[in-house]
Amino acid sequence: MRVVVQEAPFDPGAELNAFGKGDTDIGAVVSFTGVTRDVSGGLSRMQIEHYPGMTERALTQICEEAQSRWSLADLLVIHRHGVMEAGDNIMMVVTASRHRADAFAAADFLMDYLKSRAPFWKKEVTVDGADWVAAKDSDEDALDRWSQ
Amino acid sequence: MINVLYFAWVRERIGLPKEKVETSATTVMGLVDELRAREERYALAFSDLSALRVALDQDLSDFDASLDGVREVAFFPPMTGG
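Going down the list, the sequences are from chains P and F.
Mapped onto my numbering, the consecutive letters of the first sequence carry residue numbers 1 to 148.
Mapped onto my numbering, the consecutive letters of the second sequence carry residue numbers 1 to 82.
No false leads were mixed into what you were given.
Below, a sample of chain P positions facing chain F; criterion: calculated Cβ distance under 8 Å:
1) G34
2) G53
3) H79
4) S116
5) R117
6) A118
7) W121
8) W132
9) A135
Bear in mind the hints are in silico, worked out from the structure with no lab data behind them.
Virtual Cβ for every residue (Gly too), placed ideally from N, Cα, C.
I would like the entire structure built from these sequences, with the hints used as guidance.
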C-alpha cells in the first residue's frame with residue numbers, strides 16, 4: 001500500500017506500469033485518474049488546498065478500510081495539491097487483486113471516500129474571479145451505499 | 001492553549017491559517033461560541049455550522065465533541081477531494 005500526497009505532477013502511465021510488478025498472484029489491476037476539468041469554460045487554474053498531516057492520515061485510513069473489505073494484493077493513492085491547469089492530472093487510484101471484482105469495488109470505494117473524507121479543497125480561478133468548489137450532496141449520498 | 005487551524009474559505013474569512021487560542025471551553029461548540037464573540041469576521045465564518053466540518057487532532061469529529069486532551073482543532077468546509 002502506498003499513499004502519496006505531493007505538489008509535483010506524476011506520470012499515470014509510469015505509475016501503472018510499475019504497480020504490482022513481480023507479484024504473479026495479481027490477476028486484475030484497476031486504475032482511475034482524476035483530471036482537472038474546465039467546468040465553466042473559462043478556467044485559468046485550479047488551486048487545491050489540503051491539511052498536511054491529516055491528509056496522509058485520512059487517506060491511509062481509507063486505504064486500510066478498503067483492504068479490510070476486499071481482498072487486495074496492493075493499492076496506490078496519489079493526490080496532488082497546489083496549482084493545476086485544465087488537463088492536468090489531480091489524483092490517481094490503483095488497486096490490484098486476484099479477480100477483478102475486488103479491484104473494481106475497492107477503486108470505486110476509494111474514490112467515493114476520498115472525495116468527501118480526505119481534507120482537500122478545490123478553488124477554481126476563472127476569468128470571472130475565484131470560487132471555492134462546493135461539495136455536492138450526491139458526493140455525501142455516494143457514501144451511503146458502502147455502509148454495512 | 002490549543003492550536004486552531006482554518007482551511008479554504010474559513011481561512012479566508014478569518015484572515016489567518018492558524019492561531020493559538022487560550023480557551024476555557026470544554027467542547028467544540030464552546031470554543032466556537034468564544035471565537036464568535038471575538039470579532040465580526042469570526043461570527044461570519046461560524047454563522048452557519050451546517051456548512052462547516054471540524055477535526056480534532058486530525059480526525060473528523062463533531063461540534064458536540066469534548067476538547068479534553070485535544071491539542072489541535074481544525075475548522076473547514078465540506079471537503080472536495082478527488
